[in-house]
Amino acid sequence: MLTDLATIDSLFYLAATVAVIASLKVVTGSNTVHALLYLVVSLLAVAVCFYLMGAPFAAGLEVIVYAGAILVLFVFAVLMFGLGKDETINAPKSKSVANMFGAMLLAFALLLELTVIINNAQIQQTLQANVVSSKAVGIMLYGPYLLAVEIASFLLLAGLLAGYHYAKPDVQGSQL
Amino acid sequence: MTTIPLFHVLVLSSLLFAIGFIGVVARKNTLFILMSLEVMLNAVGVAFIGAGSAWQQADGQVMFILILTLAAAEVAVGLALLIRMQKKYRSLDIDLLNEMRG
Amino acid sequence: MLLASLPFYPLVSFLLLILFAKRLSWRLASAISVGAMALTALVSGLLVFELSNSSSHFISVDLWHWFSLSSQQRMAEVNVSFYLDGLSAVMISVVSGVGFLIHLFAAAYMKDDANFSRFMAYMNLFIVAMLILVLADNLVLLYLGWEGVGLCSFLLIGFWYQEQANVLAARKAFIVTRIGDTSMAIGLFWLFSSFGELNITAVSELIRGVGSSEIGFSLQESTDIYWIALLLLGGAVGKSAQLPLQTWLPDAMAGPTPVSALIHAATMVTAGVYLIARMHSVFLFAPEVMNYVAWLGAITLLLAGLAALAQTDIKRVLAYSTMSQIGYMMLALGAGAWSAGVFHLMTHAFFKALLFLTAGAVILALHHQQNIFKMGGLLKRLPFESALFVVGLICLMALPGTSGFFSKEAIIAELWLSTTAGPALWWCAIIGALLTSIYSCRLFFLAFLGNERFTEKLHIEKASLMRSALLILALLSLFGGLISLDLSEVFFKIKAEELISVNEPSWLHTIAIATPFVGILFSWFYFKNYRVDSNLEDGVKTNLTASEHRFAIFCRNGLGFDSLYDVLLIKPYQLLAKLNRRDFIDQTMMSTAWYVGLWHDVMTMIQNGNLRWYLAAFGLAIMTLIGVSIL
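As you go down the protein sequences, you meet chains A, B and C in turn. Its first residue numbered 1, the first sequence is counted upward by one per residue in my numbering. Its first residue numbered 177, the second sequence is counted upward by one per residue in my numbering. Its first residue numbered 279, the third sequence is counted upward by one per residue in my numbering.
Derived by calculation from the structure, the hints in this document are not laboratory data. Small disclaimer: the values here were computed from a predicted structure and weren't measured. Hints are supplied without guarantee of correctness; some may be wrong.
[What the hints assert, rightly or not] Per label pair, the in silico range of CB-to-CB distance:
id	chain 1	residue 1	chain 2	residue 2	range
1	C	895	A	69	27 to 35 angstroms
2	C	890	A	115	23 to 31 angstroms
3	B	272	A	165	40 to 48 angstroms
4	C	878	A	17	47 to 55 angstroms
By construction, the Cβ of each residue, glycine as well, lies at the ideal position given by its N, Cα and C atoms.
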């Protein structure tokens, strides 16, 4: 029974549930560090989903780059802010969903529409997730997508420069 | 061969996307907005990976890698701006940045 | 070729002055404008000489094709071409000669004005327009010049636009003359639609040809001619400040004095006279209209003379006198005494320009004091100006020997026997002459004799430019009558001169010559207190004031025409405008404005600078798009 339950399918749905709940906690949380940790959980759960969908390379990247690098960047930033008081001021005053009502309404409508589209599509049952090897990804990346990779590298460079420029301490007399 | 239907993957993706959207629109703290943005980007990544697996194509993962780089760059710039904002306003309230009103 | 270039000298000067306006020094600006006028005057002189020596009685030059008009009957070419005959020769001599002298005077008179270049530019532009008016070979080009002089008159009356009164006067002049101009434009349309021709010579020949032939005009054609003549008369009445459109001229004295001299005395106001003389063929075949012209002129000359008697402003006296003298010209034209009318136009230009300019010099000397009751005793203080003023006045009064005598007597002599005038109008002219001499004497006594009623020190200008201009004008006024004008080539007579059966009383000429002297004699005694230096008699300085009798005030205000028009035309129009303030079209416009304002408010509200709000809007838009694609 237990092995039956532990099929790839059930593992996927479990991971997906964890991802959704963790994401909800990220969005509704009031403590920044807690929210960040929830985000890590969400990303890890998604990484599991990737693995189960047959994309081990993407799963690895998700763990290393997203959960590992980007989130650590977040944590550093939060530590630099020394939020403390500020955090409590800007957190939602009450735990009620009232102040999120409009946004939730909008999001649910969007979700509903997306589901309708997906449901209407022909792809429903016919297509199943299959393993795509990381070798194929690498060939694609440095084959037809070479230009995209170059552009992405420029983007990273731009991010680097912008990050450096904005975050450096004020020089006397200079404007932002 | 796995047996996860694409439909379910896409529903997961949409769910994550909607949750991220709620965060972006409803939160006032800019740090939370950035985190919600990460959730949204991640949701798009899920959709790409799912579609790539279903069609047995590597393109989905390529796209995910591109999204990843985008997210990294965006977070770098976003956090730098946040530090700037913190210095200037002593606050991360996004509603303070409304000088461009008509 | 010389003819074609005539209007271009002042035009070039105008362009230079208006382009470089304040960058030019006084010396350069006056050199350009006066130099251009000198050149114009010189070329006009040459042209007149050429015309008198040539065998044909006209010179014409075709510059370029303007446009073509077609009616059912025929095509009419409207060209920019100039036509010089005896009549326009007289006009260009007056315009460029007197214009040159007045420019010379104005250069000195306006020296200290900040906008000197602009002033001279307008003056030059006026000369351009006036030359086009008198040289035009077709009525459309004439109309161009006609409107051009109207524009310049407007600009120059309102030259000192910082004062409201001047601006109002300019506006009044523009609007009142516009009534006449509209009538003239309708006349031109009518002329073209019934005769299919706008060229002046062609129209004249056409009408003469049909009129003199055995068949004569059809009933329709003679009605047309009657109305065309009447409408053209409307235009002339507006421009020449005759009844009932005379109200603008006294107010036009708000402009600088050289403007009053050039535009509102010597040249522009005589454009109406020129128009009627130019179109005399049309008028000849509408004897009723000729009769109206004569009566209009006579009534105007009497009323204006009456009004001049009560004025206190020296320039307004001269303005009313101008009106009255143009009344004489109209009377002459109405009586068919074309040459005499044009001759009076010329001599009047000389002596009225002289009078205005001398008055300007006096006003300048008295620090812009124009009230004659605040002058007095100037004969001793300003002998040069006084002498010239006297010269102008005796010409105005038409004392024997002066230029005014020759021209005015020529008019009066033709009145009694004219078929379209007659003894009644002759008596009007005589009474007018009497009035002229009385108001001239009154003006002279008040301003130049009696005790000094001003307190400021005199500002004596000895600019040789001014004085030479005045002197030449004075000589022209005195001896201009000796110029013999032979315009018989120009003016057409319906029938060959019949031998006049002598039914003219022999005392006519005696009376005509004696009238001014009667006027002088009368005023010598009647205005004794104006003339005599009361200082010496009583030892007490008695201040003269203008009569406060109700009739005198009535006369001073231009015989109530202004208030009459105010009640009859302006008030009802304003009432109508007020009633119609919220009409449908206006409301439509306003609702458009309101709609735009509403959208402005909505847009401003949307652009609240709130980033999360923008994001929500973004999400809503995506949702709507997807929703639309699903449905």
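Here's how the hints hold up against the structure:
1. A hinted range of 27 to 35 angstroms for the beta carbons of residue 895 of chain C and residue 69 of chain A is consistent with their spacing of about 33 angstroms.
2. Distance hint for residue 890 of chain C and residue 115 of chain A: a CB-CB separation of about 25 angstroms, consistent with the stated range 23 to 31 angstroms.
3. Between residue 272 of chain B and residue 165 of chain A the C-beta distance comes to about 22 angstroms, which lies outside the given range of 40 to 48 angstroms.
4. For residue 878 of chain C and residue 17 of chain A, the hinted distance range of 47 to 55 angstroms is satisfied, since their beta carbons lie about 50 angstroms from each other.
Of the numbered hints stated above, the single one contradicted by the structure is hint 3.
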